[in-house]
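Trainee: In our numbering, the protein residues as written are 4 to 70.
Since the hints were made in silico from the structure, they are not lab data. Mixed in with the good hints there might be a few duds.
[What the hints assert, rightly or not] Distance windows between CB atoms, simulated:
# : residue 1 : residue 2 : range
1 : Ile8      : Pro60     : 17 to 23 Å
2 : Pro42     : Thr12     : 14 to 20 Å
3 : Asp49     : Gly23     : 23 to 29 Å
Keep in mind the model is a prediction, meaning the values are calculated, not measured. Glycine included, each C-beta is placed from N, C-alpha and C at the ideal position.
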Amino acid sequence: MAAEISVRTGVNRILIEGHGSTKKVAGVQLESGEQILAPLVISNADPVVTYGKLVEPEHLILSLIGI
4 MAAEISVRTG
14 VNRILIEGHG
24 STKKVAGVQL
34 ESGEQILAPL
44 VISNADPVVT
54 YGKLVEPEHL
64 ILSLIGI
């Protein structure tokens, strides 16, 4: 498996595809608007930023984040 690491690259959101129990990460959308598709995304942001800003609310499992 090959990997690409981007540093100092602003991300607007983590892309999610699928519905219900079939949801999975699809990549990221950069601040520039460019989308990078990937089967795995690692965020170095804290959980508040990752789940509060980068992942859209409709994709969250609220019981996992204490709501």
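Trainee: Indicate, hint by hint, whether the structure satisfies it.
Mentor: Taking the hints in turn, this is what the structure says about them:
| no. | hint | result |
| --- | --- | --- |
| 1 | Ile8 x Pro60: 17 to 23 Å | violated (28 Å) |
| 2 | Pro42 x Thr12: 14 to 20 Å | holds (18 Å) |
| 3 | Asp49 x Gly23: 23 to 29 Å | holds (28 Å) |
Violated hint: 1 only; the structure is consistent with all others.
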